[in-house]
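Colleague: Numbered according to UniProt numbering, the sequence shown terminates at residue 343, and the numbering increases by one at each position without gaps.
Don't take every hint at face value.
[Stated by the list, open to error] Below, simulated BS3-like cross-link-like pairs (lysine-lysine); rule was C-alpha separation at most 30 Å, straight line:
hint, residue 1, residue 2
1, Lys140, Lys192
2, Lys206, Lys140
3, Lys206, Lys192
Bear in mind the hints are in silico, worked out from the structure with no lab data behind them.
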Amino acid sequence: MGWRRHIPYTSGENTHTKTAAVIRKSQKGTAGMTDTPTFFTVLTPTYNRAGTLHRVYESLSRQTFRDFEWVIVDDGSTDNTHEAVLDWQQRADFPIRYVWQNNQHKKTAFNRGVREAHGQLIVGLDSDDEMPPDALATFKAAWDAIPPARRDSYVAITGLCARPDGSIVGDRYPQDVFDSTAVDVYFRYRIKGEKFGCMRTDILRKFPFPEDVAGFVPESLVWWAIARAGYLSRFINQVVRTYHDTPGGLSQGAVSVRNNAQGLYLLAWDMLQHHLEFFRFRPREFIMAAARYTRFRLHLKHSGVPTAVQAYRLTQPWARVMVGIMWPLGYALYRRDRRRGVA
Numbered sequence: 001m002g003w004r005r006h007i008p009y010t011s012g013e014n015t016h017t018k019t020a021a022v023i024r025k026s027q028k029g030t031a032g033m034t035d036t037p038t039f040f041t042v043l044t045p046t047y048n049r050a051g052t053l054h055r056v057y058e059s060l061s062r063q064t065f066r067d068f069e070w071v072i073v074d075d076g077s078t079d080n081t082h083e084a085v086l087d088w089q090q091r092a093d094f095p096i097r098y099v100w101q102n103n104q105h106k107k108t109a110f111n112r113g114v115r116e117a118h119g120q121l122i123v124g125l126d127s128d129d130e131m132p133p134d135a136l137a138t139f140k141a142a143w144d145a146i147p148p149a150r151r152d153s154y155v156a157i158t159g160l161c162a163r164p165d166g167s168i169v170g171d172r173y174p175q176d177v178f179d180s181t182a183v184d185v186y187f188r189y190r191i192k193g194e195k196f197g198c199m200r201t202d203i204l205r206k207f208p209f210p211e212d213v214a215g216f217v218p219e220s221l222v223w224w225a226i227a228r229a230g231y232l233s234r235f236i237n238q239v240v241r242t243y244h245d246t247p248g249g250l251s252q253g254a255v256s257v258r259n260n261a262q263g264l265y266l267l268a269w270d271m272l273q274h275h276l277e278f279f280r281f282r283p284r285e286f287i288m289a290a291a292r293y294t295r296f297r298l299h300l301k302h303s304g305v306p307t308a309v310q311a312y313r314l315t316q317p318w319a320r321v322m323v324g325i326m327w328p329l330g331y332a333l334y335r336r337d338r339r340r341g342v343a
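Take the sequences, apply the hints, and build the full model.
Modeller: Structure (structure tokens):
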């Protein structure tokens, strides 16, 4: 599955600690419901997105299925996010919980939200996203359609995204109801484009985003690890999110090499170490992963800062051969980064 990605958060001053404490104490109208289990937790990590966060609130207010809570994890915003949330808490007919933390990163905010969640399933809805009114009802129906005796082997329901004009983003699935893993859908079936879904809270707690990796951590690292553990997803050809291509988002390729080499190195390593059996389905992507392995490893080596990810070495013989063959291209890409001043 693919929840929306953004540029990693930048560090900011801790200016709202006292304000956050006040907000957590002032959840009138919803405080009595915050400890009640719900079917869904809609989880929104946010940083200085007061101008778009209303999309989430408005789309949640329109949902036809009402057994959910909204958990907002504010990663140290310095705008008026807290005032907006306080207003919505007074008006909403569903629980809104606000958690404030020092500016760290979206991955850390997401992990915090997973720990705080009271829902059985988590919907990771970013701070500029919106869902059609039947999205949660669609997820619930798809989850209930899985036979109870088999449900423990499933981790997610994943559907389609549409643009504001209604056109579908990327590919549809081969069947309207399609059971597979995140690994097979990406490599074997080569499904492209933004997707959106919900996942079991208990499984996400077992597979948190690595917080010892600086900068951006590709979501695929987590989804693929869950798939390798044997969990299936149910993929459905129904629209469950309206896609807004936010300027500066990762969908536009604006990933800083300097700040994100660790996560990008890990993604290349993961592909080559764990998924080389799928080479015949995506040969070009594996070849480029071999080049990127060298590219980002050189960035880490010349940064002068020891990192945990440098301990991740390839042990697969064919992966090491591929990296050796593609070393010249990886080195050329690294040198290009240096010339462009992004290293």
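Colleague: Does each hint hold? Answer for all of them.
Modeller: Checked hints:
A threshold of 30 Å between alpha carbons decides the hint, and for Lys140 with Lys192 the separation of about 25 Å falls inside it, so the pair holds. For the given pair, Lys206 sits about 22 Å from Lys140 by alpha-carbon distance, which is consistent with the 30 Å threshold. A hinted pair counts as satisfied when its Cα atoms are at most 30 Å apart, and Lys206 with Lys192 qualifies at roughly 27 Å.
The structure fails none of the hints (numbered hints given earlier).
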